[in-house]
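Peer 1: Using the sequences plus the hints, can you model the full thing?
Residue numbers (numbering that gives the first Met the number 0), protein chains in the order written: chain A, 0 to 452; chain B, 0 to 238.
Hints are computed from structural coordinates only; laboratory data are not their basis. Quick reminder that beta carbons are idealized off the backbone N, C-alpha and C, glycines included. Some clues are possibly wrong.
Some, not all, of what chain B presents toward chain A, calculated at C-beta under 7 Å [said to hold, decoys possible]:
1. Lys103
2. Pro154
3. Ala157
4. Ser200
5. Arg207
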Amino acid sequence: MKLIPRSAIGIVLAVVAITAVVGLTTNVLLYESTDHLDLREEQARRTSEHIVVVARMLEDEAPERRARIVRSTSTEHFKVEWRQAPIEPGFEAEALRKMRRQMVIWEPSLAGKDLRMRLGSPDDPTEVVGSLQLSDGSWLHFRAQDLVGSWPLKLRRIAIASAPMLVLALAAALALRAMLQPLNLLAHAVTRVGFADSTVLPEEGLPEFRRLIRAYNDMQGRIVSMIKARTEALAAVGHDLRTPLARMRLNADSVADAETRDALISDLNEMELMLDSLLTYFRGDDHPEKPRLVDLAVLLATVVDDLKDRGYDITYFGPRHCDAWLRPIEFKRALSNLTNNACQYGSRAEVRLLTDDRGIRIRVEDDGPGIPEQDMQRVLEPFQRLDPARQRNTSGVGLGIPIALRVVTAAGGALRLMNRPEGGLCAQIDLPRQSRAILCNEPARFCNEPARD
Amino acid sequence: MTTTPAILLVEDDPGLRVLITRALRQDGFAVSQAGSEPEVWSALEQKSIDLILLDIMLPGKSGIDLCREIRARSDVPIVFVSAKGDEIDRVIGLELGADDYIPKPFGTRELIARVRAVLRRRPPGSSTEIGSNAADKVRFAGWEVDFRRRAVSSPTGASIELTGAEFDLLASFVGSPQRILGRERLIELSRVRLGDSSDRSIDVLVSRLRRKLSSEGQHPPIVTVRGVGYMLTADVTPG
Numbered sequence: 000m001k002l003i004p005r006s007a008i009g010i011v012l013a014v015v016a017i018t019a020v021v022g023l024t025t026n027v028l029l030y031e032s033t034d035h036l037d038l039r040e041e042q043a044r045r046t047s048e049h050i051v052v053v054a055r056m057l058e059d060e061a062p063e064r065r066a067r068i069v070r071s072t073s074t075e076h077f078k079v080e081w082r083q084a085p086i087e088p089g090f091e092a093e094a095l096r097k098m099r100r101q102m103v104i105w106e107p108s109l110a111g112k113d114l115r116m117r118l119g120s121p122d123d124p125t126e127v128v129g130s131l132q133l134s135d136g137s138w139l140h141f142r143a144q145d146l147v148g149s150w151p152l153k154l155r156r157i158a159i160a161s162a163p164m165l166v167l168a169l170a171a172a173l174a175l176r177a178m179l180q181p182l183n184l185l186a187h188a189v190t191r192v193g194f195a196d197s198t199v200l201p202e203e204g205l206p207e208f209r210r211l212i213r214a215y216n217d218m219q220g221r222i223v224s225m226i227k228a229r230t231e232a233l234a235a236v237g238h239d240l241r242t243p244l245a246r247m248r249l250n251a252d253s254v255a256d257a258e259t260r261d262a263l264i265s266d267l268n269e270m271e272l273m274l275d276s277l278l279t280y281f282r283g284d285d286h287p288e289k290p291r292l293v294d295l296a297v298l299l300a301t302v303v304d305d306l307k308d309r310g311y312d313i314t315y316f317g318p319r320h321c322d323a324w325l326r327p328i329e330f331k332r333a334l335s336n337l338t339n340n341a342c343q344y345g346s347r348a349e350v351r352l353l354t355d356d357r358g359i360r361i362r363v364e365d366d367g368p369g370i371p372e373q374d375m376q377r378v379l380e381p382f383q384r385l386d387p388a389r390q391r392n393t394s395g396v397g398l399g400i401p402i403a404l405r406v407v408t409a410a411g412g413a414l415r416l417m418n419r420p421e422g423g424l425c426a427q428i429d430l431p432r433q434s435r436a437i438l439c440n441e442p443a444r445f446c447n448e449p450a451r452d
Numbered sequence: 000m001t002t003t004p005a006i007l008l009v010e011d012d013p014g015l016r017v018l019i020t021r022a023l024r025q026d027g028f029a030v031s032q033a034g035s036e037p038e039v040w041s042a043l044e045q046k047s048i049d050l051i052l053l054d055i056m057l058p059g060k061s062g063i064d065l066c067r068e069i070r071a072r073s074d075v076p077i078v079f080v081s082a083k084g085d086e087i088d089r090v091i092g093l094e095l096g097a098d099d100y101i102p103k104p105f106g107t108r109e110l111i112a113r114v115r116a117v118l119r120r121r122p123p124g125s126s127t128e129i130g131s132n133a134a135d136k137v138r139f140a141g142w143e144v145d146f147r148r149r150a151v152s153s154p155t156g157a158s159i160e161l162t163g164a165e166f167d168l169l170a171s172f173v174g175s176p177q178r179i180l181g182r183e184r185l186i187e188l189s190r191v192r193l194g195d196s197s198d199r200s201i202d203v204l205v206s207r208l209r210r211k212l213s214s215e216g217q218h219p220p221i222v223t224v225r226g227v228g229y230m231l232t233a234d235v236t237p238g
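Peer 2: See the structure below:
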């Protein structure tokens, strides 16, 4: 139907127009019903008594003394005059007719008399002007302030005027909210761009938003394919670099000078490690390795033994066997990254494997400088390297911890880094108790002795 | 071995091909080269090859597929060459029947050592018989050794991570069960592995292997015979 607007501008205009029309209509109706003035009954009674008394006093006195009486009986809110003619007819509201009826009921002596009343002025509806014919044909004029309520009237008027406005505002808010809902979804989606789970949004809602969503989807697609292209290029370069590296490694063996040869080989090894972690990181989650039952204690021992053979002071404390469902190659890499860090930053490192009913805990502890608390989060992100003090003697490109984090998370576990109270860093891996039972062959007498060769 | 072992090198990078060929020839091997799949087949037809050194990254066809096809036709020992990070290739390659794996980049000594180790396990001329007769898997005291995949699993079925040297040492023990192996003999058997970059002694290696093969409440399957050497006490059965 064409009457229902389909665009954002249309809806906003419709809301404004409906608000204006309904608001104005209500106001007009309200002004037309000025009749419904709020009568103050108590004051009406007082007024009627006052009029009757003054009228009797005037009727009892000679005309030349009546001026004094009206002067003395006038009060600030109730003015009385004596005239030969009645008041000019004016706007007579329904409330005044009602008021007169009440006055007559209260003072029946007013019944047969000619009592005329009107509002003092249209601008000031709280003032009532009236006249009462005396028995000699002259007129008693009175002017009463605050005879009809001013505040309740205004309040009611405001309430009447604002009620539709409030309803309209509510309706407008709901309509706008529904209209802007796609924007919220978009905002959520935009905050996720660049993370793994960025989504393609359905093109819904008003035409303007559909265009925006389509533009967002296109942009997201471009970003994803751009990142993918870069990643693939980097991975390809990394992969291609291995061939010249392999050539250099073989050539290095034919260098006669042993010192030069060892230096070359050590540099080549470092380059290989960097390439390796880059490629691992960019390969991402499409790792084809399947989880299997692995003896985690033996895996840890192998990692620790390897570092020992390379001359580092590192010791394993824990059971000799502890089976867990893991991707062994991936997990070994995570453990290697963490233990390598510990050996590089500390002078000695300790690896502990602890098990209980809840799961498996691995702690890799060093006695190095630790990580400043404000950098704890940063080291979990790729390519973040800390201040130069912590960089010394380190190789790699800042992917060790991010890779470990990803591997541990993929295994359903948690990796936490913390500074130890006694100094140094502790990297702690917590693996939940897996669906298939963790089998620790020596859980009861947890071996706290370092495994000796 | 009296004859010069013949090695077919399958590698698409000419530079690397020259370097590897030179290293192998200097150590007394006869080397043929192939840069692509067709060259592999023609080389295999022309002469008898004792070992194939196969780069996993080849143009046109992956070394994994090529390995599978070579295995379908021949039992010739295959040593994979692959980048270090792609350990998954190693697992797949070994499952497909490759005999060993050398991570790239490698040094001359490591290359020669690996090639010699494979040739010793599967001497030239006996490859067919060895491949069909020798058990791919053996068991002892609940432990299972898979020579194809170079993998060991525990009595609980968990995979046990062994280094190359540890596996070779275990293979020596499993090959001579209930016989005392002298330290000298073990050193000789494992020399190729011990040669790479580390100076860990045979005793350290045995101790680590023993620790990995321990079971609660049972004697370790490998015992020390004081002053003589070591012995695998368990029965070895084909698996």
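Peer 1: Taking each numbered hint in turn, which are not upheld by the structure, reported in ascending numerical order?
Peer 2: 2 and 4
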